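Asks: Protein chains in written order, with my numbering: chain E, 153 to 576; chain G, 43 to 293.
Source of the hints: derived by calculation from the structure; they are not laboratory data.
It should be emphasised that the depicted structure is a prediction, and the values quoted were computed from it without experimental measurement.
Just so it is clear, CB atoms sit at the ideal spot from N, CA and C, and this is done for glycine as well.
Be a bit skeptical, because a hint or two may be false.
Stated by the list, open to error - With the Cβ distance kept under 8 Å, some of the chain G side facing chain E (calculated, not the full set):
id, residue
1, Gly81
2, Arg94
3, Glu95
4, Ala117
5, Ile134
6, Pro135
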Amino acid sequence: MNMHAIPQRTSAETALIDAFGERLSLLPGDGEIMVRRDEAIERLKAGLPTKRVESWHYTDLRRLLTAVPQYDGSAKAEVLSPILEGSAVLPVLNGVAATNKLPTLDGVTIQPLAEKLADGSFAAAALDLYGNDDAVGALNTAFVADGYFVDIAAGTELATPLELQNVQAGGQTHVRFPVRIGKGARVTVLERQAGEGTALASSVSQLLVGDDAEVLWLIEQEQADTATHLAQFKASLGKNAKLTLFVMNTGGKLVRQEIIVDAAGEGSVFTLRGVNLLAGDTHTDVTMVLDHSVPHTTSTEVVRYVITDKAQGVFQGRINVAQKAQKTDAKMACNTLLLSDDGEFSVKPELEIFADDVQCGHGATVTEINHDHLFYLMARGVDEKTARGLLVKAFVAEVIEELEDEALVDALEARIETWFATHG
Amino acid sequence: MLEIKNLHARIAEDGTEIIRGLNLTVKAGEVAAIMGPNGSGKSTLSYVLAGREDYEVTEGEILYNGESILEMDPAERAASGIFLAFQYPMEIPGVATMEFLKVAMNAQRKARGEEPLTIPEFLKRVKAAAGTLDMDMAMLKRPLNVGFSGGEKKRAEILQMKLLQPKLCVLDETDSGLDIDALKIVADGVNALRSPDRAIVVITHYQRLLEHIVPDTVHVLYKGQVIKSGDKSLAMELEANGYAGIIEEAA
Ligand SMILES: Nc1ncnc2c1ncn2[C@@H]1O[C@H](COP(=O)(O)OP(=O)(O)O)[C@@H](O)[C@H]1O
Ligand SMILES: [Mg+2]
Chain E
153 MNMHAIPQRT SAETALIDAF GERLSLLPGD GEIMVRRDEA IERLKAGLPT KRVESWHYTD
213 LRRLLTAVPQ YDGSAKAEVL SPILEGSAVL PVLNGVAATN KLPTLDGVTI QPLAEKLADG
273 SFAAAALDLY GNDDAVGALN TAFVADGYFV DIAAGTELAT PLELQNVQAG GQTHVRFPVR
333 IGKGARVTVL ERQAGEGTAL ASSVSQLLVG DDAEVLWLIE QEQADTATHL AQFKASLGKN
393 AKLTLFVMNT GGKLVRQEII VDAAGEGSVF TLRGVNLLAG DTHTDVTMVL DHSVPHTTST
453 EVVRYVITDK AQGVFQGRIN VAQKAQKTDA KMACNTLLLS DDGEFSVKPE LEIFADDVQC
513 GHGATVTEIN HDHLFYLMAR GVDEKTARGL LVKAFVAEVI EELEDEALVD ALEARIETWF
573 ATHG
Chain G
43 MLEIKNLHAR IAEDGTEIIR GLNLTVKAGE VAAIMGPNGS GKSTLSYVLA GREDYEVTEG
103 EILYNGESIL EMDPAERAAS GIFLAFQYPM EIPGVATMEF LKVAMNAQRK ARGEEPLTIP
163 EFLKRVKAAA GTLDMDMAML KRPLNVGFSG GEKKRAEILQ MKLLQPKLCV LDETDSGLDI
223 DALKIVADGV NALRSPDRAI VVITHYQRLL EHIVPDTVHV LYKGQVIKSG DKSLAMELEA
283 NGYAGIIEEA A
């Protein structure tokens, strides 16, 4: 018997393949783009990854992806008020860029991706998959229909944050945000992943961060707890570029957020901070692959999870340090607060180091609420539920408060409050 | 106000008995000092009063205003007016001190059926209390006790006590780690709380603090029991002769 025989397709796999047949004629782009789409659907035809695929070991997509909803063109999503007041919002509503609402900003060129894919100006290579197990990339490349292409000119200092707002209304959506950030530009981008209904959403953000640019990119995922959210964040950093990526997951039924970063320019600095609040019967996986490709690059990652009910959390963090990447400084930490007996957390840190003069380290902790701290708070009259809430919030607030922007800290803390009000 | 009768308590985890038949009565308006060598069970007694889960009461009673508190959790005890100033106040990262003070004060108000404090009223009270303890408001913006020096932690405990206005105050070695100026400030803070309807239990193993907070009664705790009680002259005697004589006498 052939070990690699393709087992019978799951209903989700069949639904995806059928959907591709139905959507094909509507998908923008031809030529090289179509070639990419075909390759991608071939990958999906070979089957969704199972736990036997190393990078999917803790998220058996084939087993977990049970519902693939139909496209629902009639469903309507509304633009949400931005996380930060005054942000320039680029909305994608139910998978379609809402072009009547586009802001104009000096130094920023914005083009709906459907247009860019159709007019032949989009470099098809950007749709290439990452390695052999890139199911998220394959799904998105096969189906991507819209999003925004954003080009930020060299030296632009954006006073207002950009909010890329991807709002589901149920059904399937596949969007992409290719963003070019010019040399020395300084920008804050909020990537908002929100919506309602039993959606299947794939979303890919891909950044080219120019030399000396400084970027704060925040992914706030607050999908409905019936939604499947498969997302990828890819970035390549130029010389002395600084990228701070902040990921906050507070929703979704099945979530995979991949982070693929290449510290490709000397002196570049990558910072990852993550807050994941998991409740109910949900599964949230954050998987990072970080390459330190050249000398003198720095990264720190601090990712925290709060897990309650029957929720399952996964963090995979892989740091590759190339042979020539001397003086790499990379530190990764993952801390989890497990609040229930039925919750689960899996963590896999990996360091692959080929250079000899580096400082690399990682640590992972899984703890319960600290009973001594709980006693202290209660001894001051704070009831147990409130005291627990304070301690859990403190656990994530430590990460959030590192963001220097007070308005942003307040907005995220408000989001956390909302989560606690329903799940705490 | 406080009546402890034949109290036995053990460490929940391994069953070691620490409090072994302790009797103590403290009246409203009284300042009682509890003295005793290291390891005699003073802190354990304070934790048992506050309701820490790590200890189990196996026998005896703790009556507070005539009612048993053994079934009450720490928050209920605190809301009813029991306050413990910790020997080792805990550092709690991520919980801003000010936020904590507000939550604690309002939690107790709520338990008593009172309205939460307005922000200006809250700030006014904190500023006033911090001022008398010579504490910097900037410190209160930091996470609770995190990075505070030993003395700052003790002051922060007294600050909480002043703000919460408890009825039964238990101070566990509040003097340790304080220099003489800080000791005076803290003692003044405690003395200011002396009142006919409040009882204060001062745990210490030096006479030094008792020069500043003059006790009405002094009790010697040894191996989990009160082996001798007296007035403030007992503290002087201990200072002069040590515990050995009293321990022998009791044996
Ligand atoms: N949680 C605990 N675990 C283990 N031993 C404890 C615990 N609490 C108290 N003890 C022990 O009980 C005895 C009394 O401790 P404690 O109450 O701290 O004494 P004191 O405050 O008088 O110095 C000591 O021998 C101490 O080691
Ligand atoms: Mg002690």
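Asks: Could you run down the list of hints and mark each one as holding or not?
Replies: Hints, verified against the model:
1. Gly81: Because about 20 Å separates G:Gly81 from the closest Cβ in chain E, which is outside the 8 Å limit, the hint is violated.
2. Arg94: Holds, because the Cβ-Cβ distance from G:Arg94 to chain E comes to roughly 5 Å (cut-off 8 Å).
3. Glu95: Holds - the Cβ of G:Glu95 comes within 8 Å of chain E, reaching about 7 Å at its closest.
4. Ala117: holds (4 Å)
5. Ile134: It holds, given that the least Cβ distance between G:Ile134 and chain E is near 5 Å, below 8 Å.
6. Pro135: holds (6 Å)
Checked against the numbered hints above, the structure breaks only hint 1 and satisfies the rest.
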